[in-house]
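Asks: Residue numbers (our numbering), protein chains in the order written: chain A, 219 to 334; chain B, 6 to 117.
Just so you know, not all the hints are guaranteed correct.
35 Å max Cα-Cα, derived DSBU-like pairs, lysine-lysine [to be verified]:
| id | chain 1 | residue 1 | chain 2 | residue 2 |
| --- | --- | --- | --- | --- |
| 1 | A | Lys238 | A | Lys259 |
| 2 | A | Lys238 | A | Lys273 |
| 3 | B | Lys109 | A | Lys232 |
| 4 | B | Lys109 | A | Lys284 |
| 5 | B | Lys57 | A | Lys284 |
| 6 | A | Lys259 | B | Lys8 |
| 7 | B | Lys8 | A | Lys238 |
| 8 | A | Lys238 | B | Lys57 |
| 9 | B | Lys57 | B | Lys74 |
| 10 | A | Lys282 | A | Lys259 |
| 11 | A | Lys284 | B | Lys74 |
| 12 | A | Lys273 | A | Lys232 |
| 13 | B | Lys109 | B | Lys57 |
| 14 | B | Lys57 | A | Lys282 |
| 15 | A | Lys259 | B | Lys57 |
| 16 | A | Lys238 | B | Lys74 |
| 17 | A | Lys238 | B | Lys109 |
| 18 | A | Lys232 | A | Lys284 |
| 19 | A | Lys284 | A | Lys273 |
| 20 | B | Lys8 | B | Lys74 |
| 21 | A | Lys232 | A | Lys259 |
Derived CB-CB ranges, DEER-like [as the list claims (entries may be wrong)]:
| id | chain 1 | residue 1 | chain 2 | residue 2 | range |
| --- | --- | --- | --- | --- | --- |
| 22 | B | Thr77 | A | Ser261 | 36 to 44 Å |
| 23 | B | Ile68 | A | Asn288 | 39 to 47 Å |
| 24 | B | Pro12 | A | Phe257 | 20 to 28 Å |
| 25 | B | Gly20 | A | Ser272 | 48 to 56 Å |
Treat the hints as calculated values from the structure; they're not laboratory data.
These numbers come from a predicted model, not from an experiment.
The C-beta atom is built at its ideal place from N, Cα and C for all residues, glycine as well.
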Amino acid sequence: GAVVSQHPSWVICKSGTSVKIECRSLDFQATTMFWYRQFPKQSLMLMATSNEGSKATYEQGVEKDKFLINHASLTLSTLTVTSAHPEDSSFYICSARGSGGLYGYTFGSGTRLTVV
Amino acid sequence: DAKTTQPPSMDCAEGRAANLPCNHSTISGNEYVYWYRQIHSQGPQYIIHGLKNNETNEMASLIITEDRKSSTLILPHATLRDTAVYYCIVLYSGGGADGLTFGKGTHLIIQP
Numbered sequence: 219g220a221v222v223s224q225h226p227s228w229v230i231c232k233s234g235t236s237v238k239i240e241c242r243s244l245d246f247q248a249t250t251m252f253w254y255r256q257f258p259k260q261s262l263m264l265m266a267t268s269n270e271g272s273k274a275t276y277e278q279g280v281e282k283d284k285f286l287i288n289h290a291s292l293t294l295s296t297l298t299v300t301s302a303h304p305e306d307s308s309f310y311i312c313s314a315r316g317s318g319g320l321y322g323y324t325f326g327s328g329t330r331l332t333v334v
Numbered sequence: 006d007a008k009t010t011q012p013p014s015m016d017c018a019e020g021r022a023a024n025l026p027c028n029h030s031t032i033s034g035n036e037y038v039y040w041y042r043q044i045h046s047q048g049p050q051y052i053i054h055g056l057k058n059n060e061t062n063e064m065a066s067l068i069i070t071e072d073r074k075s076s077t078l079i080l081p082h083a084t085l086r087d088t089a090v091y092y093c094i095v096l097y098s099g100g101g102a103d104g105l106t107f108g109k110g111t112h113l114i115i116q117p
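Same shape as in the complex, but just chain A:
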């Protein structure tokens, strides 16, 4: 089945630094990748959608200059949280969708970001 690898699974960083999270589709080509954020005891909130080779589309209220998304290949998308602050601490999850199949939404295992 389709597998999405997300790395790192957890990271602690100092306030003001940047953190990069990687999302890889291991056995299929992901034409579209999605990034979600989840705060404790809340549901997943879509942050942005990225298509290979084009600029990401951000949801309303998500700062594109703070959450940089790169989808340079059909198997890799990265999310960089720039100048992280404690309020950016959250669980970040990526999802990849292949070019076919109605059940093509496969999720990574998530990244727990803690900014201190």
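For this one, chain A is given, so just place chain B on it according to the hints.
Replies: Just chain B now, kept in the frame of chain A:
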């Protein structure tokens, strides 16, 4: 504007069938019903999906009412590892570039 309505929580005894309801009264003819679950601190996991016929796979069964306004996910023999938040999502069959919209889901707790 939520497209689906689910009870916030449910309990089920281990070994019994867990029946999770979902209301999607505004579903349109070209929208599928999808079920995902999220075990604590993990990414969501696909369970099953259907359009109008009942579906079964190795994980669960999906029963969709004839008018398609509601559905039930059935875990036939629940185990402690089935404790998770279960999300019912309606999705346009054309797919496209839209991400999944998650509601609050149902927190299913399997009791020993």
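Asks: All hints are to be evaluated individually against the structure, with a verdict given for each.
Replies: Here's how the hints hold up against the structure:
no.: 1; hint: A/Lys238 to A/Lys259; result: holds (24 Å)
no.: 2; hint: A/Lys238 to A/Lys273; result: holds (17 Å)
no.: 3; hint: B/Lys109 to A/Lys232; result: holds (31 Å)
no.: 4; hint: B/Lys109 to A/Lys284; result: holds (27 Å)
no.: 5; hint: B/Lys57 to A/Lys284; result: violated (42 Å)
no.: 6; hint: A/Lys259 to B/Lys8; result: holds (20 Å)
no.: 7; hint: B/Lys8 to A/Lys238; result: holds (33 Å)
no.: 8; hint: A/Lys238 to B/Lys57; result: violated (42 Å)
no.: 9; hint: B/Lys57 to B/Lys74; result: holds (10 Å)
no.: 10; hint: A/Lys282 to A/Lys259; result: holds (25 Å)
no.: 11; hint: A/Lys284 to B/Lys74; result: violated (40 Å)
no.: 12; hint: A/Lys273 to A/Lys232; result: holds (28 Å)
no.: 13; hint: B/Lys109 to B/Lys57; result: holds (24 Å)
no.: 14; hint: B/Lys57 to A/Lys282; result: violated (39 Å)
no.: 15; hint: A/Lys259 to B/Lys57; result: holds (32 Å)
no.: 16; hint: A/Lys238 to B/Lys74; result: violated (42 Å)
no.: 17; hint: A/Lys238 to B/Lys109; result: holds (28 Å)
no.: 18; hint: A/Lys232 to A/Lys284; result: holds (16 Å)
no.: 19; hint: A/Lys284 to A/Lys273; result: holds (14 Å)
no.: 20; hint: B/Lys8 to B/Lys74; result: holds (11 Å)
no.: 21; hint: A/Lys232 to A/Lys259; result: holds (24 Å)
no.: 22; hint: B/Thr77 to A/Ser261: 36 to 44 Å; result: violated (21 Å)
no.: 23; hint: B/Ile68 to A/Asn288: 39 to 47 Å; result: holds (42 Å)
no.: 24; hint: B/Pro12 to A/Phe257: 20 to 28 Å; result: holds (22 Å)
no.: 25; hint: B/Gly20 to A/Ser272: 48 to 56 Å; result: holds (50 Å)
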